[in-house]
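> Sequence:
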Amino acid sequence: MTNTEKRGVSLRKLGLLALLLCFFFDVNAQKKPLYLDPKQPTKSRVKDLMDRMTLEMKIAQMCQYVGLEHMREAEKNISEQELLNGHARGFYKGLHSEGVERIVKQGVIGSFLHVLDVKEANHLQKLAEQSPLKIPLLLGIDAIHGNGLMSGSTIYPSPITMASTFAPSLIEQSFRQTALEMRAVGMHWAFSPNIEVARDPRWGRVGESFGEDPFLVTQMGIASVRGLQMNIIDRDKSVLACIKHLTGGGIGNNGTNASPVEIGEGELRNVFLAPFKATIEKTKPYSLMPAHNEINGVPCHANKWLMTDIVRNEYGFEGFIVSDWMDMESLSNKHKMTPTVKDAFQVSVDAGVDMHMHGPIFLDNIKELIAEGRLTEVRINAACEKILEAKFILGLFENRYVDEKKISKTVFIKEHQQTALEIARKGVVLLKNRKQILPISSQKYNNILVVGPNM
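With this note's numbering applied, the sequence shown covers 86 to 540.
Just so you know, the hints here were simulated from the structure itself, not pulled from any lab data. Fair warning: there could be bad hints in the mix.
[To be verified] Only pairs whose alpha carbons sit at most 25 Å apart, straight line, appear in this in silico BS3-like list of lysine-lysine:
hint, residue 1, residue 2
1, 471, 211
2, 204, 490
3, 452, 219
4, 143, 178
5, 452, 427
6, 219, 161
7, 389, 419
8, 491, 322
9, 452, 178
10, 389, 204
Fair warning: this is a prediction, and the values are worked out from it, not measured in the lab.
Construct the entire structure; sequences and hints are all you get.
Next up, the structure:
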């Protein structure tokens, strides 16, 4: 064989090898799951992912836990007896923080709350990426007036002061900035705004509300959700809003938080539900949280009429509903509505709650309820689908991590500080003592009439 012939054979071999390599890479590309392809429609990605999930994985998306450092801090300071008692202060009976890390890698946790450090946020996402389907975690936090639980964040005046500005555009700006600061430190979901109408000044959460006027509360609620979500146009710079608490907490007995509420349907709809209706219709919030209290004898976390018939079917809410802190369990141990916590889970999920805040006992109980025919997999699929859709919309499958080096470019910058200062200035309420009416003197006035709904 001549040298020319040898070169020809070698070239043919190289060509064949190139074809084989192209085929190999093409096959591998085809093997890439559809749900990992950002070019595909969100609905298609959700369906493809759910088709690959076991029942346990689906229920896991409904499970939320407190942050690891939150647990570790109390593990150092809490007594052994308190640890054995279970969920006190965010602890789980028989489950150490190291055990939580293990089950994150197994893919049986879908969300965390109160992760207070960016290193922890990245660490948790890294653990989740080792799970079978690599589903990212949804990290939520109470960002009521700025991302205040995260050290170094811009703190804006409280919501009652925000409402006192009567400037929705300014409040929308503050929540837009809050969303930017949240995403910069790995948070995706704000447990705000609180759009309850505060009608009893004794209520301890008045400062967390936008006040007593349903119209003003509505305008501030709409502005807040728009600022946080921006309809997720820029998915790397927006967060999920959570309108809360559905509803009536601001008129509880004796002004006590979480106390029972007795109210007629007319007042309920026209005053307390009005902000929820308008905010849902105008902004499409991605999540909602029920209230601690009961209304006319029915706890909000068990109120199917409220969560499903009104909010979903009548108002058109399309997001997911997350319980407030241990309020599913409260149906049993506080409201005495159900004999066991397991029964409480069944009632609450059936009524419309899609995610449990918080702890490990939810998953196994839901599996048992399905096996017993008391809950259906169809109901679980509906909840899981909404939660996964939110994760896709936020772009978490493409970018779950944050760059710690870039935090200072977004968090507590001068522009955000200036917005906070402007709200503080515009929110000041000045009372003018015209005609020197004050101080009221018994020598000047024989009779004083005190009137108003809050007297």
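> Hint by hint, note whether the structure agrees.
Now for the hints, and whether the structure bears them out:
1. 471 - 211: holds, 23 Å
2. 204 - 490: holds, 12 Å
3. 452 - 219: Measuring from Cα to Cα gives roughly 22 Å; hence the hint holds.
4. 143 - 178: holds, 23 Å
5. 452 - 427: holds, 10 Å
6. 219 - 161: Roughly 31 Å separates the two Cα atoms, so the pair is violated.
7. 389 - 419: The hint holds at about 19 Å.
8. 491 - 322: holds, 13 Å
9. 452 - 178: holds, 19 Å
10. 389 - 204: Cα-Cα ~40 Å, so violated.
Going down the numbered hints, you'll see the structure goes against 6, 10, while the others check out.
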